[in-house]
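Residue numbers (this note's numbering), protein chains in the order written: chain A, 623 to 735; chain B, 443 to 555.
These are computed hints drawn from the structure, not numbers from a lab.
Computed from a prediction, not measured in an experiment: that's the story for all the values here.
To give an idea of the interface, some chain B residues facing chain A are shown, with a C-beta separation under 10 Å as derived from the structure:
hint: 1; residue: A473
hint: 2; residue: F487
hint: 3; residue: C534
Under 7 Å between C-beta atoms, here's a sample of chain B residues computed to sit facing chain A:
hint: 4; residue: G484
hint: 5; residue: L485
hint: 6; residue: L533
hint: 7; residue: K543
hint: 8; residue: F546
hint: 9; residue: G547
hint: 10; residue: S548
Computed footprint of chain B on chain A; a stretch qualifies when at least three of its residues, placed anywhere within it, have a C-beta under 8 Å from a C-beta of chain B:
hint: 11; region: 659 to 666
hint: 12; region: 716 to 724
All C-beta atoms in this analysis are idealised placements derived from N, C-alpha and C, irrespective of residue type, glycine included.
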Amino acid sequence: GESVGLHLPTLSVQEGDNSIINCAYSNSASDYFIWYKQESGKGPQFIIDIRSNMDKRQGQRVTVLLNKTVKHLSLQIAATQPGDSAVYFCAESPYGSARQLTFGSGTQLTVLP
Amino acid sequence: GAGVSQSPSNKVTEKGKDVELRCDPISGHTALYWYRQSLGQGLEFLIYFQGNSAPDKSGLPSDRFSAERTGGSVSTLTIQRTQQEDSAVYLCASSPISGEKLFFGSGTQLSVL
Numbered sequence: 623g624e625s626v627g628l629h630l631p632t633l634s635v636q637e638g639d640n641s642i643i644n645c646a647y648s649n650s651a652s653d654y655f656i657w658y659k660q661e662s663g664k665g666p667q668f669i670i671d672i673r674s675n676m677d678k679r680q681g682q683r684v685t686v687l688l689n690k691t692v693k694h695l696s697l698q699i700a701a702t703q704p705g706d707s708a709v710y711f712c713a714e715s716p717y718g719s720a721r722q723l724t725f726g727s728g729t730q731l732t733v734l735p
Numbered sequence: 443g444a445g446v447s448q449s450p451s452n453k454v455t456e457k458g459k460d461v462e463l464r465c466d467p468i469s470g471h472t473a474l475y476w477y478r479q480s481l482g483q484g485l486e487f488l489i490y491f492q493g494n495s496a497p498d499k500s501g502l503p504s505d506r507f508s509a510e511r512t513g514g515s516v517s518t519l520t521i522q523r524t525q526q527e528d529s530a531v532y533l534c535a536s537s538p539i540s541g542e543k544l545f546f547g548s549g550t551q552l553s554v555l
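Chain A extracted, bound-state conformation (with noise of 0.2 Å):
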């Protein structure tokens, strides 16, 4: 079946530094796409979504560029906190919405002092 990946399952940054999270999709019916942040014990929370006729959508201190050309998705952090520590999930859906997501793996963030 299709399958969201991520390059690299951790990723550790100092603090104030800006974080790049990268995730690799396969289905080319994708037409939805959503970054979590799921941190220990509690369940995954929203940080951005984008569609497919966006390459690029901004929220605060977040960034998600989408590229459909090579299946790329990333999420940009800036000036990352401690409070950024988490695992982060990309999660895509061919429905255009948030109807049956596939979600990657995870990569975890670790922010240094």
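Dock chain B against chain A, hints included.
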């Protein structure tokens, strides 16, 4: 609270027993989802309810798994004759309408001995 509530938070059971997991979605949310998260893995879609429509059960791994949603609100996920491979965190999520961003509960950690 205003979030998605799941109970129990932890459940230990013996192989072959049946278990019921409960989800109370955010009030007013019409869409409800169940996902499963195995250790160190991403989330696996199980089932999706939208209003009074027939649920999307395409993610249920076997006929031992079933779910219902009563009155368009509370949902129960039932696993019959549990197996050790059923051990995982079972996450419930709801959204205001179909396709909008999901709000997750903290999950039920199921351990089958």
